[in-house]
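With the hints as extra help, turn the sequences into a complete structure.
Each protein sequence line maps, in turn, to chains A and B.
Counted the way the working numbering counts, the first sequence spans residues 1 to 373.
Counted the way the working numbering counts, the second sequence spans residues 1 to 529.
Now the in silico label distances, taken between C-beta atoms and shown as ranges: (1) B:Thr424 <-> A:Gly298: 42 to 52 Å; (2) A:Phe78 <-> B:Pro109: 30 to 40 Å; (3) B:Thr28 <-> A:His73: 48 to 58 Å.
Under 7 Å between C-beta atoms, here's a sample of chain B residues computed to sit facing chain A: (4) Gly139; (5) Leu319; (6) Thr349; (7) Ile456.
Think of the hints as simulated: they come from the structure by calculation, not from any bench.
C-beta: ideal position from N, C-alpha, C; glycine also.
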Amino acid sequence: MIGKGMRLFGLAAAMLAAGTALAQYNLPEPQSPIAREIYDLHTLIMWIIVVIFVGVFGTMTWAIVRHRKAAGHQARQFHENTTVEIVWTIIPFLILVGMAYPATKTVIAMKDTSAPDLTIKATGYQWKWGYDYLQEGISFFSTLATPREQIENRAPKGEHYLLEVDNPVVVPVGKKVRIITTANDVIHAWWVPALGVKQDAIPGFVRDTWFRADSPGIFRGQCAELCGKDHGFMPIVVKAVPPEEYAAWVAEQKKKMAAAALDPAKQWTLEELKAHGEKVYAGNCVACHQANGMGVPGTFPALSGSKIVTGPRQAQIAVVLNGVVKEGKPTAMVSFKHLSDVDIAAVITYTRNSWANKTGDAVSPAEVKAQRK
Amino acid sequence: MQVAHAHNGHPGHGEHAHHPSGIMRWITTTNHKDIGTLYLVFSLIMFFVGGVLALGIRAELFQPGLQFWRPEFFNELTTMHGLIMVFGAIMPAFVGFANWQIPMMIGAPDMAFARMNNWSFWLLPPAALLLVASFFVPGGATAAGWTIYAPLSIQMGPGMDLAIFALHIMGASSIMGSINIITTILNMRAPGMTLMRMPLFAWTWLITAYLLIAVMPVLAGAVTMLLTDRHFGTHFFNAAGGGDPVLFQHIFWFFGHPEVYIMILPGFGIISQIVPTFARKPLFGYSSMVYATASIAILSFIVWAHHMFTVGMPAAAQLFFMYATMLIAVPTGVKVFNWIATMWRGSLTFETPMLFACGFIFVFSMGGFTGLVLAITPVDIQLQDTYYVVAHFHYVLVAGSLFALFGGAYYWMPKWTGHMYDETLGKWHFWLSMIFFNVTFFPMHFSGLAGMPRRIPDYALQFADFNMISSIGAFGFGLSQLIFVYVVWKCVRGGEKAKDRVWEAAEGLEWQLPSPAPYHTWETPPVVR
Numbered sequence: 001m002i003g004k005g006m007r008l009f010g011l012a013a014a015m016l017a018a019g020t021a022l023a024q025y026n027l028p029e030p031q032s033p034i035a036r037e038i039y040d041l042h043t044l045i046m047w048i049i050v051v052i053f054v055g056v057f058g059t060m061t062w063a064i065v066r067h068r069k070a071a072g073h074q075a076r077q078f079h080e081n082t083t084v085e086i087v088w089t090i091i092p093f094l095i096l097v098g099m100a101y102p103a104t105k106t107v108i109a110m111k112d113t114s115a116p117d118l119t120i121k122a123t124g125y126q127w128k129w130g131y132d133y134l135q136e137g138i139s140f141f142s143t144l145a146t147p148r149e150q151i152e153n154r155a156p157k158g159e160h161y162l163l164e165v166d167n168p169v170v171v172p173v174g175k176k177v178r179i180i181t182t183a184n185d186v187i188h189a190w191w192v193p194a195l196g197v198k199q200d201a202i203p204g205f206v207r208d209t210w211f212r213a214d215s216p217g218i219f220r221g222q223c224a225e226l227c228g229k230d231h232g233f234m235p236i237v238v239k240a241v242p243p244e245e246y247a248a249w250v251a252e253q254k255k256k257m258a259a260a261a262l263d264p265a266k267q268w269t270l271e272e273l274k275a276h277g278e279k280v281y282a283g284n285c286v287a288c289h290q291a292n293g294m295g296v297p298g299t300f301p302a303l304s305g306s307k308i309v310t311g312p313r314q315a316q317i318a319v320v321l322n323g324v325v326k327e328g329k330p331t332a333m334v335s336f337k338h339l340s341d342v343d344i345a346a347v348i349t350y351t352r353n354s355w356a357n358k359t360g361d362a363v364s365p366a367e368v369k370a371q372r373k
Numbered sequence: 001m002q003v004a005h006a007h008n009g010h011p012g013h014g015e016h017a018h019h020p021s022g023i024m025r026w027i028t029t030t031n032h033k034d035i036g037t038l039y040l041v042f043s044l045i046m047f048f049v050g051g052v053l054a055l056g057i058r059a060e061l062f063q064p065g066l067q068f069w070r071p072e073f074f075n076e077l078t079t080m081h082g083l084i085m086v087f088g089a090i091m092p093a094f095v096g097f098a099n100w101q102i103p104m105m106i107g108a109p110d111m112a113f114a115r116m117n118n119w120s121f122w123l124l125p126p127a128a129l130l131l132v133a134s135f136f137v138p139g140g141a142t143a144a145g146w147t148i149y150a151p152l153s154i155q156m157g158p159g160m161d162l163a164i165f166a167l168h169i170m171g172a173s174s175i176m177g178s179i180n181i182i183t184t185i186l187n188m189r190a191p192g193m194t195l196m197r198m199p200l201f202a203w204t205w206l207i208t209a210y211l212l213i214a215v216m217p218v219l220a221g222a223v224t225m226l227l228t229d230r231h232f233g234t235h236f237f238n239a240a241g242g243g244d245p246v247l248f249q250h251i252f253w254f255f256g257h258p259e260v261y262i263m264i265l266p267g268f269g270i271i272s273q274i275v276p277t278f279a280r281k282p283l284f285g286y287s288s289m290v291y292a293t294a295s296i297a298i299l300s301f302i303v304w305a306h307h308m309f310t311v312g313m314p315a316a317a318q319l320f321f322m323y324a325t326m327l328i329a330v331p332t333g334v335k336v337f338n339w340i341a342t343m344w345r346g347s348l349t350f351e352t353p354m355l356f357a358c359g360f361i362f363v364f365s366m367g368g369f370t371g372l373v374l375a376i377t378p379v380d381i382q383l384q385d386t387y388y389v390v391a392h393f394h395y396v397l398v399a400g401s402l403f404a405l406f407g408g409a410y411y412w413m414p415k416w417t418g419h420m421y422d423e424t425l426g427k428w429h430f431w432l433s434m435i436f437f438n439v440t441f442f443p444m445h446f447s448g449l450a451g452m453p454r455r456i457p458d459y460a461l462q463f464a465d466f467n468m469i470s471s472i473g474a475f476g477f478g479l480s481q482l483i484f485v486y487v488v489w490k491c492v493r494g495g496e497k498a499k500d501r502v503w504e505a506a507e508g509l510e511w512q513l514p515s516p517a518p519y520h521t522w523e524t525p526p527v528v529r
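What follows is the structure, encoded as structure tokens:
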């Protein structure tokens, strides 16, 4: 019986050992001064704990082994000893003071968001991140880049499964980056472990945090506050690059933004709109309405065969722009007016000409623009 | 403690004659032992319901990718697992122990308010029904986490409303139960039993009952505000209407932190009864144990925001809550040191209750250590909402509260049923629970440190090994609990006749009663000298 138990335990131990080769057992390698302080604090506390652990459970184990009735040990009826009780109250208190001192210094350092070199606003959406570089005037969305096939086990999973995005946050190495967080719908949290930052993003409020990346690299994190069904699918990727490369990236982004701003004047064909719309759909709509347009019965309505999608185009544009409010309460269909006219026109065109929907309509960006309030 | 005049209710008093039998006995009962049994059976059923939900979670997390559930259903599983285990399993189980044991331990004939006692219990099944039924309403059960943070909980479907009503009802039940326990302990102790001569289990429950009365109304307030935000156009938690989503977290955790002590303090009481019995010597520091329990209870009101270190509080607030949280380590340490000092130079035997007590001290302390790690604000900010936190609170709640409950059940079951339980199976239950518990939850420390957020249905590949081990452990742990059901069943049906003083060195009034304890006990109070 005991042998069987031991073998089971051995199996578990072997599996733990097998895990060693692949997985890590500690906080990720710190990549910023604050992350390093957190790492060192954790190490310090772990050593204190190990010492206490050995002391306390060494004593307990000794008692269990030596002071057994089966070993013929007689109970000594001692109890109540004020000196002992004062000692084991004071000593832990002193240890705690020793731990609190370095922790206090780190708390104050983490809170010091003054004099940043660069400020980025991160906005949490269900379920993606929006970034605004406040001085540079760059804005973009960052959505999960892992294909649905990998999530649904229809394709082998890539190296950065669930931790990859279409547009990473690019920052210069060695500069103090202040991240301002807020949210559009529910509370999210912007977290990059290697940089030692985690800050809740709260709708209607602005909070801030900061980091300074030590060296170039790509640092991956995830939303850390439960924010609904795709909470696990809105990663954060920060790419730290040398300052020259950063400057080049900023210039390129500005050019792209300028080009996008001109777009509404362009004449789009139905095919072009559909092709672009499919991408917008995959980034914004697919989580609820599903790739087959059938939604989730009882929770998220189907678009395929929907009266709104096959009805008058103004009504559908209104839904996408303003969201759906039922009985004075916002629904899961939130406003998408943060998307560009082109994106909205494209995604509406795509939904009107996909699955069972065959309206043949091409909605132009100008129509969307006209309906914006 | 000596009883001078022990006039116990003799069996065969004819007391059953006035009571309905069959199902009506249980529906109309005002007997503390019957009600205790009802609470314990109810909590055991809910423990298995919550356990099945947990296995649903672990099945999905066995491998990366989505295998079994849609992400929204996964969130329903995590939410309902939490709500059911906290409000349906752990809390009612401790109330069950209080009902059975407190009158017998303090020499009272019953609880102070016998009819209200019946009502406190019978509120629970409808509440549980609301929770379970919420899976079947449109949109399913609430998927906002057991912490039901606004504004996410405002987005939920009607399942959220059912959960809110369930919380209201269970809160009312807890408050009534607490009033009953406080009144019983303060007014119905046997002559000579001063407060400082009370068994520690009664002490810890007295303090817990005060905590419950203080914080359950706060929870009721929070969920009522949520309800009016959802349906009646208020904006308590909506910034667009001048409200604040973080306000919900402050109110919730002002309830929530004392709540975690509500779930552990009676456990401390049970352990403090078991350890001296099997060490065959008195508890090392009785009065310091009482003071430590009271200190923990008082501190629990000023540490709530350590659950909120990432919401962006000012540095001064972060520091205050960090220091206050660290202070809790002092009285908790005093308790652990006391238990070990009680074992020291004793004459130890290791029957199943003692195994669970030793397991409790060992594994609960691990949860205490990780609690200390999490108290350090900068480290907490890194680990908040990761699997490290999941590991931490399962170490204190499963290995803490649950192991204490199992220990208590094995300790007093012979007194309740009149039969000895199957010691071999009890030991198997302990060892399998202990091993599988650690296989399940120890790797979660590593997945949390490595950066795995909690409440996600799918994860990056570097977390795959730890999750697979956790899932295997969880199924082992879940199956091991079936042994307990079998042991209880067997013990109720028959077995070796239990002595009145079941354990050689057991001290306390309950051991002076016959086994099984008669339907009515201490009709004439004993005199404690």
